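Engineer: This is what each chain is made of:
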Amino acid sequence: MTQTVKAAKKPSASKAAAPAKAKAAAPAKVKATPEAKAAPEAKKASSKKKSALAFPFTSIVGQEEMKLSLILNIIDPRIGGVLVMGHRGTGKSTTVRALAEVLPFIPRVKDDIYNRTVEQYVEMEAAGKKGVPAINPDEVKTEMIPVPVVDLPLGATEDRVCGTIDIEKALTSGVKAFEPGLLAQSNRGFLYIDEVNLLDDHLVDVLLDVAASGKNVVEREGISIRHPARFVLVGSGNPEEGELRPQLLDRFGLHARIITINDVAKRVQIVKLRREYDEDPEAFIKKVTREQQKLQKKIVAAQDLLPQVSMDDKVLTDIARLCMNLGIDGHRGELTITRTAHAYAAYKGQTQVTMQHVREIAGLCLRHRLRKDPLETVDAGEKIERELAKVLGEGEAAA
Amino acid sequence: MIAFTDIVGMDLAKQALMLLAVDPSLGGVVIPSAVGSGKSTLARAFADILPDGTPFIELPLNVTEDRLIGGVDLEATLATGQRVVQHGVLSKAHKGVLYVDSLSLLDSSAVSHVMDAMSRGAVIVEREGLSEVHPADFMLVGTYDPSDGEVRMGLLDRIGIIVPFATQNDYRARKKIVSTVLGTRDSEDTNDELRMLRGLIEAARVQLPNVSMTQEQIKGLIQTAISLGVEGNRVDIFTIRCAIASAALAQRTEVDDEDLKLAVKLVLVPRATRMPEREATEEEMQAPDEPPPQEEPADEAEDENAPPDESDADADEEQEETPDMIEELMMDAMETELPDNILNISLASKKKAKSGSRGEALNNRRGRFVRAQEGEMKSGKVALIPTLISAAPWQKNRKEEKAKKGIKTGALVINKEDVKIKKFRDKSGTLFIFMVDASGSMALNRMRQAKGAVASLLQNAYVHRDQVALISFRGKQAQVLLPPSQSVDRAKRELDVLPTGGGTPLASALITAWETAKQARTKGISQIMFVLITDGRGNIPLKAAYEPDAEKAPKEELEKEIEAIALTIQADGVASIVVDTQMNYLSRGEAPKLAQKLGGRYFYLPNAKAEQIVEAALS
Chain P
73 MTQTVKAAKK PSASKAAAPA KAKAAAPAKV KATPEAKAAP EAKKASSKKK SALAFPFTSI
133 VGQEEMKLSL ILNIIDPRIG GVLVMGHRGT GKSTTVRALA EVLPFIPRVK DDIYNRTVEQ
193 YVEMEAAGKK GVPAINPDEV KTEMIPVPVV DLPLGATEDR VCGTIDIEKA LTSGVKAFEP
253 GLLAQSNRGF LYIDEVNLLD DHLVDVLLDV AASGKNVVER EGISIRHPAR FVLVGSGNPE
313 EGELRPQLLD RFGLHARIIT INDVAKRVQI VKLRREYDED PEAFIKKVTR EQQKLQKKIV
373 AAQDLLPQVS MDDKVLTDIA RLCMNLGIDG HRGELTITRT AHAYAAYKGQ TQVTMQHVRE
433 IAGLCLRHRL RKDPLETVDA GEKIERELAK VLGEGEAAA
Chain E
4 MIAFTDIVGM DLAKQALMLL AVDPSLGGVV IPSAVGSGKS TLARAFADIL PDGTPFIELP
64 LNVTEDRLIG GVDLEATLAT GQRVVQHGVL SKAHKGVLYV DSLSLLDSSA VSHVMDAMSR
124 GAVIVEREGL SEVHPADFML VGTYDPSDGE VRMGLLDRIG IIVPFATQND YRARKKIVST
184 VLGTRDSEDT NDELRMLRGL IEAARVQLPN VSMTQEQIKG LIQTAISLGV EGNRVDIFTI
244 RCAIASAALA QRTEVDDEDL KLAVKLVLVP RATRMPEREA TEEEMQAPDE PPPQEEPADE
304 AEDENAPPDE SDADADEEQE ETPDMIEELM MDAMETELPD NILNISLASK KKAKSGSRGE
364 ALNNRRGRFV RAQEGEMKSG KVALIPTLIS AAPWQKNRKE EKAKKGIKTG ALVINKEDVK
424 IKKFRDKSGT LFIFMVDASG SMALNRMRQA KGAVASLLQN AYVHRDQVAL ISFRGKQAQV
484 LLPPSQSVDR AKRELDVLPT GGGTPLASAL ITAWETAKQA RTKGISQIMF VLITDGRGNI
544 PLKAAYEPDA EKAPKEELEK EIEAIALTIQ ADGVASIVVD TQMNYLSRGE APKLAQKLGG
604 RYFYLPNAKA EQIVEAALS
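Those sequence lines, one after another, are chains P and E. When the first sequence is numbered by this note's numbering, its final residue is 471 and no position is left out of the sequence of numbers. When the second sequence is numbered by this note's numbering, its final residue is 622 and no position is left out of the sequence of numbers.
Simulated from the structure, these hints should not be mistaken for laboratory data. The model shown is predicted, which means the values in this text are computed figures rather than measured ones. Heads up, the beta-carbon is just placed ideally off N, CA and C, and yes, glycines get one too. It cannot be assumed that every hint is accurate.
[Said to hold, decoys possible] In silico SDA-like links for lysine to any residue, alpha-carbon gap of 25 Å or less: (1) E:K402 <-> P:E354; (2) P:K369 <-> P:L442; (3) P:K213 <-> P:V372; (4) P:K248 <-> E:D421; (5) P:K248 <-> E:E420; (6) P:K386 <-> P:L442; (7) E:K98 <-> P:E354; (8) P:K359 <-> E:N213.
[As the list claims (entries may be wrong)] Just some of the chain E residues that point at chain P, by a computed CB distance under 10 Å: (9) E131; (10) Q218; (11) A394.
I would like the entire structure built from these sequences, with the hints used as guidance.
Structural biologist: Next comes the structure, spelled out in C-alpha cells:
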C-alpha cells in the first residue's frame, strides 16, 4: 500500500472520508471486508475503518488516454477535469477509483471540513465576522492529507451535494449549524461522477454553477454560507446510455475515449493481473508498491517543474490557428491545450513546450469541442490530426 | 412452493443457477424466457440450493428510490427524535440474492442504482442529510420476457451469465410439470434430491480454489470473445470464472473442453454482436474503429513488474492451434442458440393486450426524488427531513408560545408552512417512432432523409428528454433498426447500413411500432408519436413473416388488415403523422386514407427533406 490514509478522526472529517473509502472498495467483485452494518448511533464511527483496497493504478493495462488525462489533471488542476466516455466493462471506474492511491499530499488547516489552505481559512473566517480578532496565520495548525477524491452517486439529493442545516443539532439544541455536503469535501480535490450522462438535470445545474465560480453558495433553511469548492471534475459514462448536456460537456477540460481492448495478449495480461489481485489483494498491492510510488514521485516532480515550463509565441499562434481552422467556438479550446501541453511537458521532464507535445494532447483537448454532426463519418480525432498537419505544414512553409 | 429439483426442463437455466451458487462472484444470472415457462418459479427456487440463511430479496418493480437505496426511517426518527437509518433493498440483499422478475420493465433510474451497487459492492447513500455506505455485494437473478423489451446493456454487462433464450418445453416435459404440480411426486424424493444437490454445490465451493486453467484455454476464451464482437473486457473474467465453476461442479481440478463450451454458451454467445462467419465483412466495415494490431512498446514496459509473460514467445504456435479450438467451441455453442423469432403475433391477441389510456407524468409521486419544495401534504409525498429542518429552528419559540396559550405540545411543533413535499423528476419526453418505407426505388432517398430527421431530433433531444426509435420495413416484415434511444452515437451506428428494396409490409411496420410504443409505456414514456414515411401502399400481409408462401394476398384483405391495426392504434391514443412521399401523378390516395385511419395528420412531401420531417413531427 502506498499510503495509509490517515484521515483526521474528527467526526465531521471522518464523514468526509467515508465515501472515499467506499469508492476504494469498489473494483468489480473484490470481496472487500464488509463493513459492519452501521447502526444509527454508530453512523459516525462506521467510517473509522482505515483504508480499503483498490486495484492499483499502475497495474491497469492499456487505456493510456484515460490514465494520461487523469495524471495531467493532477499535475495542473486548472486543466478542468476529464470526461471519460466509452465501452462498458473497460475499466473506467476502476481507473478513476485507483487514482486516490497515486495522488500527492496537500496541506490543509487541521480538521478543516472545507480542506482550506491557511490563507483561505484566515480570509474566510475573518470576513463578515466583526469583533472577532484577526487570526494569526502562524497560529493555525495544519496537517497533510491526500488529495481528496469524492464520489458523487447518481441518487444523491441536492442537500447532500451542497450541504444543509445539521438537523440533529437543530432539533436537539436549536442551533443552526451547517452540515457541509460533497462539494465542501471535494474542495481542492477530485469530484467523480460515474454515469455522468445520467445525472439529474438539477444537479447538473448546481455543478455547472459551482464549477464556474469555484464557490458554493448555500442560501436555504435560514442558512447563508459560502465556501470554496474548487475541484477537478471527473465524469465517466457510456455514450450509448444517453448524451451529455452540451454545457456540461464544455465544462470538462479533457475528453478521453476508451474502447474495448481487442489485443489478445493484453487481455490475457488484464485477466492475469485481475485474478492475481482477487486472490490476495493485499499481497498484490504490496508487490506493486514501488511502481505506485514511482508514479507518485513523477507526478510530484512534474508539479514542481510546471512553473518553469515555457512556451514560444509561435507555438501559441499555431494552437490558435488550429482551433480557428477547426471552427471551435470560444477560447476554452486554446486555453485548455496550452495548459495541458504545459503539464504534459512537465510530466515528460521538459521545460519547453513544443508542437510535438501539442500534437499528442490535442485530441484530448478538442475532441468534444468540435461542432457535432451526428452523421459525420470522420472520427473527431482524425479531423483534428488532419488540421494539425495542415497548421504545421503552413507553419513550416511560412518559416 | 415447488422445489428446485422438481422443476422440469430449463436445464440450461438450472445449470446456470448452480454455477452461480458455486461462485457468487459471477455476479448473477439472467433468464429470458416466454410467459408461462416457469422461469420465475425456478428463480425463486434458487434459494433451495443456497446455504441456509442466505438472504433472498425480491425487488418489486414499483420500488421507490428511498426503499431501494435506503434513507431515513420515518417512524423511528419521529419516535426517537434522532435520525434513524433504514437500509434499502439493495443492502438487504448483501451476501445474498437480489431477484427481479420482469427485469426489462424495471425503470431506468432503478436500473442505474442496481448497476452502481454492483460495481461498488456497496450502496452510497448521500441523501436527505444522510451520508453513509452500506455494503451491498449481491448476486442478481433476473427473469424477463423478451417481448416486454430488452434489459439495459449496461446492467447485463455486470451480470456474468445470460441464459440463451429458450422456447417452450416439449409435451413430455409438460406432462411431467403437470404431475409435479398435482403433487404426484413423493416429497421424500424431493428432499433427498435437494440434499444431494446442496452437497454437490457445497463440495464444488470447496473445490473451486483448486481448479486450474491453462494459458491456452484463457487465450481461447478471449479470442472467442473478440471474434464474437463482445463489448468490453469485463466479460473475460466472467467466462473464466464460469468455466472454473463448471469444472468444480464436476469435481475436476482442471478445466476441460466441456467447461469452456459451457462458458462460451452462457457468457459470450448471448452478448455476441456478430457471428464469426461474417467476421471478414464486419471487420472491413469497422476497420476505422479498431486499433492497429501492433502494440506500442511503451505498454509492454509498463507490465514489466508482472511475472514474465510467455505470450510473445508462443504467439506463433498459438495462431496455428487456437482457431480450430475456437471454431469447434463456437459451433457447439451455437447449436443451442435459438432464433429469437418471437414476432409470431396474431392480431386478435394484440387487441386484448391493449394497454390503458395515455398516462400523465406523475411528478409528485414517482420517478427520481430530486429535491423538496413547499407544498401541501395531500399533494405529494412528504419529505420528512426537509420538513423537520424547516421546523427545527422555531421549536423553542413555538413551544413557548403554545405554552402561553395553555396548549400542550408534543416533542415537535410542526406548522403547515413547514411541510415540504418531494419533487420527483418528470422524466417524460416524447418518443418518436419513425417507420420508414425501405421498399421500392425511392427507398434510398426516404431512408436518408429519415436518418437526417432522427439525427436532428436527437441533437435536441436532451432538452426535451425525447427519444427516437426507427423501424424500417421492406421484404417480408418490419424490423426495429434503432430501439428507443437518446444516443446520437448509437443511432449513428445502427443506421449506418440500411438495406432497401423489396415488398412493402406496412401492416407489420404498424404492429412493430405499436409493440415498441407499448414497451416504452411500461418504462414511463407516455407521449408517443408515430412518424410514418411511406407512399401508403402496403402489399405484404402480416402472415408473410412466418409463412413464406403467403406473400401474395388479395388487395381487400391487405387493406382490411391495415385498417384494423390503424384503428386500434388510434383508439390507443398514439399520435401519428403520415409523410407521403409518392409523386402526385402516381398517387391513388392511400397515404391520406392511412392518416385518416390513424387519426393522424397528413403531410405531402414528395421530396421530403430531413428538416421538413422534423418540422412536421414537432408541429
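Engineer: So, against the hints stated earlier in the document, which numbers end up violated here?
Structural biologist: Numbers 1 and 2 - these are the hints that the structure violates, sorted from lowest upward.
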